[in-house]
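Chemist: Whole structure, please, built from the sequences with the hints as guidance.
Under the working numbering, the first residue of the sequence shown is numbered 1, with each subsequent residue one higher.
FYI, nobody ran anything at the bench for these hints, they're computed from the structure. Note that the coordinates shown come from a computational prediction; the quantities given were computed from them, not determined experimentally. Heads up, some of the hints might be wrong.
[To be verified] Cross-link-like lysine-lysine pairs, in silico, DSSO-like; alpha carbons within 30 Å at most:
id	residue 1	residue 2
1	Lys61	Lys49
2	Lys669	Lys686
3	Lys37	Lys49
4	Lys531	Lys78
5	Lys535	Lys686
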Amino acid sequence: MESMGHPEIYPLVLTTQTQEIFNCRIDEDVTDEKPYKLIKKEDILADFKNRAAVSDFHPVKKIIQEYPGDELLVVHDKDFRYGLNFYLIGTEEGKENYLNHAEVPEEQEEHKEYIPEDLYIYKPPISKPWVSLGSEKEIDEESVKESAKQITYMISRKRSEFGAPVKFSDQNASRVKDSYVECTAYSDKNFIVKQLEKDVGMQVVPKIKDTSTQTRWTYPKNATTQYYPREFSEEEKEIFGQSKPLIDFLNNASISVEIALQQNEIMNTFIDDWKCLAEEEGTFGDKTDIHLKEYQSFTDLHNLTEKMVTCVSWHPTIYGLIAVSVAVRLSFEDRVHFSGKLLLQPSLILFWSFSDPIHPQLMLESPDDIFCFKFCPSDPNIIAGGCINGQIVLWDITAHADRIENIKTGGSRSKKVTLKPMFLLEPDSNKEVMYIRHCAVSSIENGHKKVITDIHWLPDTFEINRMGSVFENRNGICCQLVTCSADCTICFWDIRPQKALEKPVEKKKEESIEIPFDVPSTFLHLDLSWKPLTKIRLSKGDTSLDHCPTKVSLSEDNLLYKAQDKVSAQSKAMKAGEMNLYQSLEGGLGNNLKPIEDFCTKFFVGTEEGGVIYTDWKMERDPETGRLMAKKPVNLYTIHDGAVHTVQRSPFYKDIILTIGGWNLAIWKEGVPVSSISYYFEREVKHLEYVEQRKKIREQEKKEMDLELEKKKTKTYQKSKEQMEAELRDDYDSYLELEKNTLINLGLIKMPERMSFMDL
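Modeler: Structure (structure tokens):
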């Protein structure tokens, strides 16, 4: 740590937070005229207790503890002479020499000719022209160059073929030609080599002999035969017609025949009942399986070529308006290769109206492709989105709200809300593209390092601090967000300034930056300097790897948007001239907020490995290092066989959560543990006891049934043939009576007044 040649000098790095604590801020407390600061030893020791290893003075902790004096001298190293922005003088003699040297007037310093021998004077190197000695030719000859052109193949198959069943069957060798299976040869003009030898595998098979007799089967054909029927003579007909057996047979069979004929008239007896039970199952993806039909499609002929939809969301207050984010459809390697060209293409969120499916209503520009976005529950004109590069983007479309706002139908009493058709509102500028630039973008150095997979607004009922503690929301509007990313972190963000808004200080003309006229100044204080309030990393515990979150679900996700009358009241107040709520935000988190007790700070997280984590966002300090770190996950379940792409809470039951990933879905109930082992064993023990009890009950019931059968051993009563025919005749007469009454009531037949039913 000691500087070479100056053993009493110890270089240090003092961050902005440390400079504010010890009042040694650069260009304010420490200037060119007075580049040093005396700091009390007891203040530094107190900082060791508060921040432990996080303190910037921790590298020289031993030097400070053994320092004999009460004040230590810290000097601002503006020119980085010793490598860092500050250095500490660790001896009283060095401090006195520096202070005495600093008090010498400038005139005397100019006449000084003494220069320390150990003072290092930096001399920049002088560039010289490069002289070629032939090494580049040797490198070019030894370098490996690809001679063949790379070919890219894309192999795909229909989704219906995924998981198709495979059936195997046995085959008798005796049924196959020549007792073995082979791929028969065919003549190929490309090969003219004759095969002189051939290897054939044989096996012993039973002898089979086919014989036939009286038939020579050549080919099937149709054949007909004509003959005369055999008939009775007139005398035989007269004798059989007067015979008593024939008359009795006709009298007995006539009723059954009439009933059968009547049933044939009522219903079709030849219908296949099994086919009527269910329709024939078609193949997957067949036209008969289509139950959802396309209602409307939206197509932008200029900005949607070769792009994919990454997120879709309905506008929370305007019916018939939908927002869609699009991204370039490229792999990671291609995206890196074409990164320079992608900057020239606009990354957009398009607003579509059902009144115009060809021209977007609004287009929100983004510095990179958006993969998730959400409307603000307090003000739908505020939109937050997550980029593929890990940045968060904020838009304010308040100035363009008239272009998409709702109007009531004029002249009618109906309260139905309709959307203004764009071809009626602005016929001249209907096809004009409306691009809206973003208000602010987060700092790329301090945010996520990879694509943001999910983003949510925290409800306006609470807010959290850096420790994850919950307090009452002071502003009454949504001011915080939560995001998760593929870099294995979950971040909480606050859109308010870190300090209270002060009166703007007049800057010099050289320092003033002109803001474009089309960019709102709502979140100007966040642009390129927005840092997360707190960051959570989901550790796997034993290994050094972390869980990769894809989707999150907070405990109050269902309390999304305010009532329609409240939103409309806010919009009317804004039109009346009042300031927008998000343009008058106070400072960040304060100490006078009222904490909320018994608040559930646990939430669900879906991971890229298919796991579902139930964890807590509250932070705790590591007892060894004193740093803030996330708690261990409460529960971890690996249910899905693919990345979880949906974690959604039920809008009707707050404790029911749906997760979808891979080829399956799962429904969870918050607060109930899944299929623990102890509960499983207890349930199985109860099941065995129940089975034993049922065996005893069934044995007792069987004994009682046997006793009843022995008591009821009597001859079964069988009806005679005459009684069965009489009952059948009575049933048929009652059916004829019902048929006659039905026809009379329908007016198909009329019954004469003096004609009885028997006469009819």
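Chemist: None of the hints should be skipped; say for each whether it holds.
Modeler: Hint check:
no. : hint            : in the structure
1   : Lys61 - Lys49   : holds, 12 Å
2   : Lys669 - Lys686 : holds, 24 Å
3   : Lys37 - Lys49   : holds, 22 Å
4   : Lys531 - Lys78  : holds, 27 Å
5   : Lys535 - Lys686 : violated, 47 Å
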